[in-house]
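From these two lone chains plus the hints, build me the complex, please.
Chain order of the listed sequences is A and B. Here my numbering is used: position 123 in the first sequence is 123, and no number is missing along the way. Here my numbering is used: position 245 in the second sequence is 245, and no number is missing along the way.
No lab work stands behind these hints: they were computed from the structure. Even glycine gets a Cβ: it sits at the ideal position worked out from N, Cα and C.
Non-contacting residues of chain A with respect to chain B, defined by C-beta distances greater than 10 Å in every case (computed):
{"hint": "1", "residue": "N22"}
{"hint": "2", "residue": "A23"}
{"hint": "3", "residue": "G87"}
{"hint": "4", "residue": "G143"}
{"hint": "5", "residue": "R216"}
{"hint": "6", "residue": "A282"}
Just so you have them, the derived chain A footprint on chain B, three or more residues with Cβ under 8 Å:
{"hint": "7", "region": "68-80"}
{"hint": "8", "region": "161-174"}
{"hint": "9", "region": "178-185"}
{"hint": "10", "region": "252-260"}
Over the 12 Å line for every Cβ pair with chain A, so calculated as not near, a few chain B residues:
{"hint": "11", "residue": "Y28"}
{"hint": "12", "residue": "T39"}
{"hint": "13", "residue": "F46"}
{"hint": "14", "residue": "P50"}
{"hint": "15", "residue": "R85"}
{"hint": "16", "residue": "I97"}
{"hint": "17", "residue": "L105"}
{"hint": "18", "residue": "S148"}
{"hint": "19", "residue": "R154"}
{"hint": "20", "residue": "A195"}
{"hint": "21", "residue": "S206"}
{"hint": "22", "residue": "Q217"}
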Amino acid sequence: MTLTRRAMLAGLALPATAGMANATYPIHPVAVADGIWMIHGDDAPIQSSNGGAIANIAIIDTPVGTVLVDSGPSLRYGRALRAVAEGLTGKPVIRVYVTHLHPDHGMGIAAFDPAIVAALPQTITDMARDGRGFSDALYRLLGDWMRGTDLVLPGRKITEVSEDFGGRRLRLMALAGHSAGDLALLDEQTGLLIGGDLLFHDRAPATPTADLPRWRTSLDSLAKLPHRAALPGHGPFDPTGQKAIAQTRDWIEWLEEALTAAVRSGLDMVEAGSVPIPARFAGMAAARYELQRSVSHFYPGLEAKWLPRVDMPES
Amino acid sequence: MARCRFLQLLIAMLPLAIAPSALAQPPYPDDPLQSPMWTAHARLIFGDDPVRFDPRIQLLYPQVAENQRSFPVALDARGVGSVTRMVIFADLNPIPIAIDYRPDLAEPYIATRIKLDQRTPVRGAVQLASGQWLVAGGWVDAAGGGCSAPPVGRITGDWAAHLGEMRGEAWPMGTQGSSRLRITFRHPMDTGLVANIPTYAIEEMSVRSESGTMLGQMALFASVSEDPAITLMPRAAPGATLSIVAHDTNGRTYAAKVPVARQSASVLAAQP
Numbered sequence: 001m002t003l004t005r006r007a008m009l010a011g012l013a014l015p016a017t018a019g020m021a022n023a024t025y026p027i028h029p030v031a032v033a034d035g036i037w038m039i040h041g042d043d044a045p046i047q048s049s050n051g052g053a054i055a056n057i058a059i060i061d062t063p064v065g066t067v068l069v070d071s072g073p074s075l076r077y078g079r080a081l082r083a084v085a086e087g088l089t090g091k092p093v094i095r096v097y098v099t100h101l102h103p104d105h106g107m108g109i110a111a112f113d114p115a116i117v118a119a120l121p122q123t124i125t126d127m128a129r130d131g132r133g134f135s136d137a138l139y140r141l142l143g144d145w146m147r148g149t150d151l152v153l154p155g156r157k158i159t160e161v162s163e164d165f166g167g168r169r170l171r172l173m174a175l176a177g178h179s180a181g182d183l184a185l186l187d188e189q190t191g192l193l194i195g196g197d198l199l200f201h202d203r204a205p206a207t208p209t210a211d212l213p214r215w216r217t218s219l220d221s222l223a224k225l226p227h228r229a230a231l232p233g234h235g236p237f238d239p240t241g242q243k244a245i246a247q248t249r250d251w252i253e254w255l256e257e258a259l260t261a262a263v264r265s266g267l268d269m270v271e272a273g274s275v276p277i278p279a280r281f282a283g284m285a286a287a288r289y290e291l292q293r294s295v296s297h298f299y300p301g302l303e304a305k306w307l308p309r310v311d312m313p314e315s
Numbered sequence: 001m002a003r004c005r006f007l008q009l010l011i012a013m014l015p016l017a018i019a020p021s022a023l024a025q026p027p028y029p030d031d032p033l034q035s036p037m038w039t040a041h042a043r044l045i046f047g048d049d050p051v052r053f054d055p056r057i058q059l060l061y062p063q064v065a066e067n068q069r070s071f072p073v074a075l076d077a078r079g080v081g082s083v084t085r086m087v088i089f090a091d092l093n094p095i096p097i098a099i100d101y102r103p104d105l106a107e108p109y110i111a112t113r114i115k116l117d118q119r120t121p122v123r124g125a126v127q128l129a130s131g132q133w134l135v136a137g138g139w140v141d142a143a144g145g146g147c148s149a150p151p152v153g154r155i156t157g158d159w160a161a162h163l164g165e166m167r168g169e170a171w172p173m174g175t176q177g178s179s180r181l182r183i184t185f186r187h188p189m190d191t192g193l194v195a196n197i198p199t200y201a202i203e204e205m206s207v208r209s210e211s212g213t214m215l216g217q218m219a220l221f222a223s224v225s226e227d228p229a230i231t232l233m234p235r236a237a238p239g240a241t242l243s244i245v246a247h248d249t250n251g252r253t254y255a256a257k258v259p260v261a262r263q264s265a266s267v268l269a270a271q272p
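So that you can see chain B by itself, here it is in the shape it has in the complex (with noise of 0.2 Å):
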């Protein structure tokens, strides 16, 4: 009698052994890509949420990797629903997330340039207020070291000397309403993975307007180039001035103000 209570309590304590596991590992859907990285990649970023890969989201770059150190993506989620974040990483990279991008009162859209470490998926997720996330991406074919060589500006010396310098400027887009912004930063984008360089990165961004709206927000990570350049489209009329605030981890603040052109969209930066 002592033993088949026993027995009746294994059995009830069984799903309670199974659960936590099952819950650690939600059913991602199969990878296209096959990447060895795909089910931690996605436990650490989509976590519960609902997965899938939709062709709705583009992400674009160019067909070689001309330069391991600097290499241009865009994630483009325009047309998809109401989007709350944006996330850009590389399975294979030592420092996977590139930018994690909440386009607040912004268009889906967000353009950089990421470190490749080695061949590896690069990949575009976003995050829709339902909570879905849809990703994209394919693989990239690099030479090695992109995160683990030195940047130009440790080697030629002077980065010190424009640290901080930033160039930018805002047009007016074909889409009512719409600005597009280019900002760029001199910043080295240290990794920590070369020897006796430490961690030295720019750590967070922000886009407000004058009132201190906030556009958009987007946390940056080391895997982003060294002197980054972000492309983004937030919602300012011709004539408004955004703001952008950064923070590097050595606590340094950078700031900028960036009026919209007050001329109509160029050609090209009108094109869809």
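Chain A on its own, in the form it takes in the complex (with noise of 0.2 Å):
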């Protein structure tokens, strides 16, 4: 028996690409109000497993068209999110808010005409410095599930503080601090409050971007809305709108504070990575991988900050 060199590079190749290539996203979207769903996103970092689907997303359906707030990882993802939320409203998609210019809520808008994504104009700024860097993270973390995905920058500048479909209208609120630029949504019929990642609810918050007094500021206004019930950025619906709030207030000053204790009491970044996480923390998923990240984004400034100078002139 012989085998063609065709047949053996074709045995080669199967095994390496057959847990990647066409696997699918589920997408399973969740009613949240009327006219609302949530798909819930993987309480995880982005990995492999979860094609970095880690993101919540929001299904708005208004009577002109179905409104999406954030889009997914990619275009796979993107696509697949357009024929489920078509397929439950029964319309086209004719407006995707990006809330802010992490790759895991913005990459998914290489499925969309650009001219129908919106965005604040510093997270439209910010995508253009930092998108390709994202993008490249997300190619060497996810493989295939990133196929054909290319940096789109959406199309739209917002503005305006609300915006109308055909009388459901969406106030938009640009916020900063997890980022900094965060786009939060208030559905005026339901008193949905759809936060983006200034939100996060019993998933720890994450800080690559983060400016944690203006973050607090912006958490400040969302608590005095009118609102009813919140869709974080990540983690479960918070039917009562106040707790997501609360708790992602509460991580960030523990965080601050445990973190300027560890670097006033001398302890190196690995040890401050290992520090206690407090026991009301302890339904939070992905803690003390935030925790990591976090020592990583603000050590060096909280150094700079606390230690005294001790050099001596040059002699």
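See below:
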């Protein structure tokens, strides 16, 4: 028996790619308010097993078409999301909001016409600066899940404070803190707050581009809204509307205090990433993982702030 | 007869012919990480000294390499006996060794941050007074380019304005007579692997007591992160002053004095 070279190559290639190629994203929208569905992302790090689908996404049925808030990590996700959303509402997608620059929320816009994709001007600027690097990072982590995904920038800058879709009005709030530009939306018809990554719920907040004082200010203004429930950027739906806000605030305050205490008492970065996490955060997914990422984000700055200068003039 | 003598000579020479290669490759233990560079690095760092992988040596690092330019690593060999050398290295880095530390009068503990140029084993090796090396480590996944991307200070352009700034503090520890010293430098730690930026790195650092007794000394390499931060545990009582001196590859000297605080050990720092 002889094997042709082509058959050999095919045989070699199959096991390597069979696990990933053509894998599909499980997209299960759950109704959370009248005409609004939430797709709950995996409350885990971006990894091959979830294809990067870790962010929550909102589908809003309006009289004039379907509105999406965030779009997932890849072209494949964006396409699947559009099919699911349009099947649900029976109306074409006419608007996609991108809440902030991070790729788990925005790379999926590759599946849509940029003219219907809207984001804050700051977010578009930041995506233009960092998008290529994010794209490289996702391709490295996710491989085939990302096939065909190009960096696309939102074509529409949000400058208005609300947008009306045939009578269903969405309030658009330009905030910051999780990143330099964070969009939060309030559906006036149902009182549902869609918080983007300003809100994490039972899933530890991520801080790679965070400004903690600005984040706190943004949470203060969200807490004052007349909303009845909240759809966070990560973690389960919050039917109370205040729990995700309070929990996110609690975590970032603890984080700042814990890292400051670690620097001031002489811990190195490895030790700071190993400090005990308070019991009240025990139900929070990815807590240790995000703590260690946050150590990487904040520790050098805290050292420069708290460790005194000790150098002597060069002799 | 002459032919027989020739054969005898040949046989007599055989061990000589084999010996050099046998010497060049001592039987290092099988690498649990199965690194392609294990034997090469073992030869370079351990030579003919005995080596074993030992779970009592703790090489600690976070579960994710969030920043491949600055990956925190701590090597803790307290409780294994008298330690003469501690080496932190990453097999697949173009500059594998980051730090080679001699804790002369210090607890065998060192923490720092290193660059990762790709997914690589990261290891800590500790030599006992007996000559025995103990090794620990693991594979760390990382995005590429930690050693071959320009440092942030080169991009922002302000590295020279801050060169030589040192920050530090020292705390008494729960262990009697030991202190915990943290020292940071502003330094680009250029690897020489970025176009048009030659190697420029801090290459040695020592910590002495007020009377000049050497407490700990180390060689540093450019695979240590930009703006190095180092944690050591030199023997010094509360109220003592530690004297730190470092040199870089341009011959610049960095000197600092850090008092060991008189207050009692903080709760966090006193943790074992």
